[in-house]
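Trainee: Residues per chain, in single letters:
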Amino acid sequence: MKQGLKKTSLFAAAVVSAMGMVSTAALADDAKSITTVVKISGIPWFDRMETGVTKFAEANPDMAIMQVGPSTADSAQQLQIINDLVAKGTDALAVVPMDPEIIEGILKRAMDRGTIVVTHEADNQKNTMVDVEAFDNAYYGASMNARLVECMGGEGKWTTFVGSLGSRTHMQWVGAGEENAAQNAGMELVDPNNESFDDANLVYEKTKELLRKHPDLKGFQSSAGNDVLGIGRAVEEAGLAGKVCVVGTGLPNPSAAYLDSGAITAIGFWDPQKAGMAMNSVAKTLLEGGEITDGMDLGVEGYEKVTVKPGPGDGLLVFGNGMVLADKDTYKDYLF
Amino acid sequence: MRKLDGSFVLLVTLIVVLLATGGLLSGGTYLSLFNLQSMANQVPEIGLLAIGVMLAMSAGNGGIDLSGIAMANLAGVASGLVALQIFPVSEAPVAFTILFVLGCAVVGLIGGTINGLIISRLGITPILCTLGTQMLFTGVTVVLSSGRAVRIGAPGPLYELGNGYFLGIPWSFLLFILVATALGIVLRYTPYGIKLMMTGANQKAAEFSGFARARIITTTYALSGLLAGLSGAIIAARNVNVKWDYGTTYLLIAILIAVMAGVKPEGGYGRVVNVVLSAIALQLISSLLNFIGLSNFVRDLAWGAMLLFFLFVNRFALVEHFADILSSGRPPRASKT
Numbered sequence: 001m002k003q004g005l006k007k008t009s010l011f012a013a014a015v016v017s018a019m020g021m022v023s024t025a026a027l028a029d030d031a032k033s034i035t036t037v038v039k040i041s042g043i044p045w046f047d048r049m050e051t052g053v054t055k056f057a058e059a060n061p062d063m064a065i066m067q068v069g070p071s072t073a074d075s076a077q078q079l080q081i082i083n084d085l086v087a088k089g090t091d092a093l094a095v096v097p098m099d100p101e102i103i104e105g106i107l108k109r110a111m112d113r114g115t116i117v118v119t120h121e122a123d124n125q126k127n128t129m130v131d132v133e134a135f136d137n138a139y140y141g142a143s144m145n146a147r148l149v150e151c152m153g154g155e156g157k158w159t160t161f162v163g164s165l166g167s168r169t170h171m172q173w174v175g176a177g178e179e180n181a182a183q184n185a186g187m188e189l190v191d192p193n194n195e196s197f198d199d200a201n202l203v204y205e206k207t208k209e210l211l212r213k214h215p216d217l218k219g220f221q222s223s224a225g226n227d228v229l230g231i232g233r234a235v236e237e238a239g240l241a242g243k244v245c246v247v248g249t250g251l252p253n254p255s256a257a258y259l260d261s262g263a264i265t266a267i268g269f270w271d272p273q274k275a276g277m278a279m280n281s282v283a284k285t286l287l288e289g290g291e292i293t294d295g296m297d298l299g300v301e302g303y304e305k306v307t308v309k310p311g312p313g314d315g316l317l318v319f320g321n322g323m324v325l326a327d328k329d330t331y332k333d334y335l336f
Numbered sequence: 337m338r339k340l341d342g343s344f345v346l347l348v349t350l351i352v353v354l355l356a357t358g359g360l361l362s363g364g365t366y367l368s369l370f371n372l373q374s375m376a377n378q379v380p381e382i383g384l385l386a387i388g389v390m391l392a393m394s395a396g397n398g399g400i401d402l403s404g405i406a407m408a409n410l411a412g413v414a415s416g417l418v419a420l421q422i423f424p425v426s427e428a429p430v431a432f433t434i435l436f437v438l439g440c441a442v443v444g445l446i447g448g449t450i451n452g453l454i455i456s457r458l459g460i461t462p463i464l465c466t467l468g469t470q471m472l473f474t475g476v477t478v479v480l481s482s483g484r485a486v487r488i489g490a491p492g493p494l495y496e497l498g499n500g501y502f503l504g505i506p507w508s509f510l511l512f513i514l515v516a517t518a519l520g521i522v523l524r525y526t527p528y529g530i531k532l533m534m535t536g537a538n539q540k541a542a543e544f545s546g547f548a549r550a551r552i553i554t555t556t557y558a559l560s561g562l563l564a565g566l567s568g569a570i571i572a573a574r575n576v577n578v579k580w581d582y583g584t585t586y587l588l589i590a591i592l593i594a595v596m597a598g599v600k601p602e603g604g605y606g607r608v609v610n611v612v613l614s615a616i617a618l619q620l621i622s623s624l625l626n627f628i629g630l631s632n633f634v635r636d637l638a639w640g641a642m643l644l645f646f647l648f649v650n651r652f653a654l655v656e657h658f659a660d661i662l663s664s665g666r667p668p669r670a671s672k673t
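Sequences listed follow chains A and B, in order. First residue of the first sequence? That's 1 in my numbering, and the numbers climb one at a time after it. First residue of the second sequence? That's 337 in my numbering, and the numbers climb one at a time after it.
If we strip away everything but chain B, and leave its shape as in the complex, we get (with noise of 0.2 Å):
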C-alpha cells in the first residue's frame, strides 16, 4: 500500500469542513451554483502562480520563484500590445484570442527561462534572482503601458474564457485543472519529474549521478514562467484590462499556498494535486470570511495560523502517526494483508 499523504487527507478534511460551515452559516447561499462558480473563477489565477513556486521549491537550493505575479502582468500587458497592433479586436476575435493567449505563454516561456539561466549557469541563489527579475519585469511593463491598464477588450472567446462555464464550470478553471494534471502526470513519470525531486532532494548525489542539473532547473524556471504567462491571460480575460500593479500580494499568497500543500521548502518534494486542494482551501477560507463580513485583517490572521498549523503537523507528520495508531489498535487478522 501506499504511504498515507498527510497533507492530502488535512486538505480534504478542510475543505470539507469549510464547505459545510460555509454552507450552514449562510443558509445555502455558499453552496449555491453561483458563488461555488464564482469562487472555481477566482482560484486558477493564484493557483497557476502557487504550481509555479511549488515547482522551483522542489528544484532545491533555496529554489523560489518571487517573479511570478510580475510576470503574469508582463505577459498580459506585452501580448495585448502585440495583438492589439495585429488583430482588430472587434474584427478577429478569434484569431486575437489565440494570439494573445499565445502570446502570454511566449511571453511567460521567455521570462521563465531567463530566470532559469541566471540560476543555473551563473549560479545565483534563486530568491535574489528572481527578486531581481520581479522588478525588471514589472518595470519593463511599467514603460510598455506607460503606467496606466492596457484594455484588452472582451472579444467573444477572451471572455468566455474568463467568464465562461462549460456544463457549469468555469473554463478557467477546467484549464487550470487540465494544466495541473498534465503537470502531475509529468513530474510523477517522466525522466524529467523524477529527476527533478531528486535533485531536489540531493543536489550533489544528483550531479554524480550524471543528471544534466543545469537543464532540469533551467526546464523547471521555464515551466514557472509559463504557468506564470497563462495566468496572465486568465486575469486579462477575466478583468478586461491588465495592470502593472495587479496582485502585488500574489507574490506571498502563492508561497503560502505552495508550503501549505506540504511541498518541502527544502526542496525535493511537492504534489500538484496538494497545491490545487490547498489553493481551493484558501479561496473557501476568504470567501467565507468576506460572506461573514469580518475584516480583511482577520483573514490574514487566520492564513496564518493555517500555515502555522500545517507546517507543524506535517514537520511532525502528525496525521500519519494518527493514522498508524488507528490501524495498530485494529484487530490482527484486517492489519495482516
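Excised from the complex, chain A in its bound form (with noise of 0.2 Å):
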C-alpha cells in the first residue's frame, strides 16, 4: 500500500512537471488553425518563409498558424509530423513536401478526414486541394534568358547549365530560355545542358573548362541554386567579371559578392517568404468555404492575379507572377 502510495505521488509529480514545461503552449482551441510544414527547418530559405507565416498570423489574429519542420532532412520524418498534425485536427495544412511522393498516403487520408490541404513546389501532387506555385516554369525561364540577352546585346555564344537532366523543372526553365533566344539570330548556343548536381565546385571546373573551349563564350543560364556561385567564381577569377553574362537561378545573400563584383549579372529567385504567405492565404479562403478562381486576387505581394490551372490529381495549380530578378542594384530588398 505504501509502495503503491508512493507510486502515485512520483507519477503525479512527473505529471505536473511535464506540465509545467509546456503549460504555455495552448493546445485544445476553437480558432481555426493552420500549419505550414517545410522541408526541414532551421536553414535560410524556410526561416525566410517562416518571416511570412508570421506575418500572416499577425494579420489574422483569430486564427493558430504557425511553421513546423524536420530538423533533419528525411522524408519519413515530414512524414510523420503530418501524421500527428492530422491526428490533433489542424484544421488546414500547408504543405511543402520533401518528397510528394513519399507523402500522397496521408495527404489523401487528411482529405479524407475534413482537414485542407495546400502544397508548394509540388506540381506533381496527386492529392492536394490547391498547390501553389510561384511562378509559370516557362515564364521563369524565359524572363531569365530575356535578362541574358539584354545584358549580351542580343548576340554571342552563351550555354546552359542544369542540376540534372533529370531535374524537369530545370529542363523546363533552360528550354524556355532557349526558345527565347531563338528569337535573337546572334545568339549561338554552345554545349548546353550541363549537369551541375547543384555542387558550386563542379560548375567551377566546368566553366573554367568551357571557357577553354569556347574563349568567346559570353552567356551563361543556370538552374540551380548553387551553380551562379560556381560560374561566378570561375568567371571572376578569369577577370572576366563584367564581360562574359551570368543569370541563373541563385539566393541573394550567397550571391552578395558576386553580384557586386559584376561576375553575376543577376540572379532569379522567388521569395519564400511572399510564398508562405500564399499558401496561407489559399488555405484561410477554402477554410471559409470560398473557391480559388482564376485572376483572383490572394493579397500577397507576387500573387494578386493568379493563373489557375487544374492538377494532376483532383486539384487545383495556382501560378503566382512571384518571380524576382535581382541585380546589383536591387538585391538587397531581399537578403536572405
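Calculated from the structure, these hints are not laboratory results. Yeah, the Cβ is synthetic: ideal placement off N, Cα and C, and Gly gets one too. Hints are supplied without guarantee of correctness; some may be wrong.
[What the hints assert, rightly or not] Cβ pair distances, simulated, as ranges: (1) A:Pro44 to B:Val352: 33 to 43 Å; (2) B:Asp636 to A:Arg168: 30 to 40 Å; (3) A:Asn124 to B:Phe370: 20 to 30 Å.
Fit chain to chain and form the complex, with the hints in mind.
Mentor: And the structure:
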C-alpha cells in the first residue's frame, strides 16, 4: 500500500512537472488552425518562409497559425509530423513536400478526414486541393533568358546549366530560355545542358573548361541554386567579371559578393516569404468555404492575379507571378 | 521470484506518464482513437528495425546492424519492381500483395545473410561490414529505381495492411506485435536463442563449449535482415510509394530505441518486449511534442536526454536498487516468503 502510494505521488509529480514545461502552449483551441509544414527547419530558405507565416499570423490574430518542419532532411520525418498534425485535428495543412510521392498516402487520409490540404513546389502532387507555385516555369526560364539576351546585346555564344537532366523544372527553364533566345539570330547556343548536381565546385571546374573551349563564350544561364556561385567564381578568376553575362537561379545572400563585382549579372528566384503567405492565404480561403478562381488576388505581393489550371489529381494548380529577378542594384531588398 | 527488470518498469512508467500528460494537455485529443491508431501505425516500421539492431547487439563482439533502413528500402523497391512485372496490380491485387510481401522478406533475408556471412566467415567487424552493405544496398536501390520513387500502388489488401484496422487496431501494428512475440519466444525458449545470448555474453566460452558460433551469428543477421525486409513491406503499404532515401534518420533512431530498451551494446542481453515498449515510448514522445507544436529540435534534445537517462539508470541498476530498498523496509514476515 505504502509502495503504491509512493508510486502514485511520484507519477503525479512527473505529470505536473511535464505540464509545467509546456503550460504556455495552448492546445485545445476553438480557433481555426493552419500549420505550414516545411521540408526542413532551420535553413535560410525556410526561415525566410517562416517570416511570411508569422506575418500572416499577425494579420489573422483569430487563427492559430504556425510553421513546423523536421530537423533533418528526411521525408520519413516530415511524414511523421504530418501524421501527428492530422491526428491532432489541425484544420488546414500547408505543406512544402520533401518528397511529394512519399506523402501522397497521408495527404489523402487527411483530406478524407476533412483537413484542408495546400501544397507548394509540388506540381506533381495528386492528393492536394491546391498546389501554389510562385510562377509558371516557362515564364521563369524565358524571363531569365530575356535578361541574359539584354546583357549580351542580343548576340554571342551562350550555354546552360541544369541541376541534372532528370530535373523536370530545370529542363523546363532552360527549354523556355532556348525558345526565347531563338528570337535573336545572333544568339548561338553551345554545349547546352551541363549537369551541375547543385555543386558549386563542379560548376566552377566545368565553367573553366567551357571558357577554355570557347574563349568567346559570352553568356551563362543556370538553374540550380548553387550554379551561379561556381560560374561567378570561375568568371571572376578569369578576369571576365562584367564582360561575361551570368543569369541564373540563386539566393541574394550567397551571391552578394559576385553581384557586386559584376561576375554575376542577375539572379532569379522566388521569395519563400511570399510563397508561405500565399499558401496560408489559399488555406484560409478554403477554410472559409471560398473558391480559388482564375485571376483572383491572394492579397500577397506577386500573387495579385493568379493563373489557375487543373492539377495532376483532383486539385488545382495555382501560378503566381512571384518571380524576382535581382541584380547589383536591387538584391539588397531581399537579403536572405 | 524472477529478478525485477528495471528497464521494463521504467518504460511502462514512462508510457503511462506520457499518455496521461498527452491526454491532459490536449484535452483528450491525444487519447482519441484516431490518434492512438495514427501513432500505432507509425511504430511498426521503426520498431522492426530496432528489433533487428537488438539481435545484432545481443550477438556481442561489437554487434550492430547499420544496414537496416537501406535494406528495407531495397526490399521495397526490388520486390516492388519484380512484383509489378509479374502481376498487374489492378487485376490481381491479392496475388500481387502476397508476392510483394514475400519478395520483401526474401530480399531482406538474402541481404541479412550476406551481412552474417561476411561477419562470421570473414571476421569483419559488424560496424564496418554493415556500414559497407548499407551503402551497397542504397546504391543498388538507386540503380534499380533510377533514383526515383517507385509507385507500388494501393491494391486493396496491401493498402489494408498499411492503413487498415482489425478491431480498431492497425494491421501493421498487429503484425509487428505478432513478429515480436514470436521472436521473444524464440529467444527465450529455443536452443538458438539461449546460445545467441551466451555467445554474446562470452564469445570464448561459447566457442570452447562447442557452439557453432558462425552459424549462430549468420542466423542472427539474417533474422535482422528479414525484419528489415518486413519493415520495407510496411513502409510501402503505408506510403504507396517507396524511395531509396526514405527514413535516413531511422538508422540512429533504431539504435536509440534498442539502447533505451536496456539492450547491452556489448552483447549478451536484450528483451524483445522492452524494445517494443521503447519504440512505443519514443513514438509517444515525438507525437506529443508535435501535438504541442514544439520544434523538432526539441524532440532531438528530448530523445538525447532520455537516452542518457536510461543509460545512467540501467548502468547503476537504479530501479532494482530502489525496489530492494522498498522491499527490505517491509515488515519481516512479508519479506520471508
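Trainee: Holds or violated: 20 to 30 Å for the Cβ distance of Asn124 (chain A) and Phe370 (chain B)?
Mentor: 29 Å, holds
Trainee: Using the C-beta atoms of Asp636 (chain B) and Arg168 (chain A), is the stated range 30 to 40 Å upheld?
Mentor: 33 Å, holds
Trainee: Within 33 to 43 Å: is that where the Cβ-Cβ distance between Pro44 (chain A) and Val352 (chain B) falls?
Mentor: Holds, at about 42 Å.
In the structure shown, no violation is registered for any of the earlier numbered hints.
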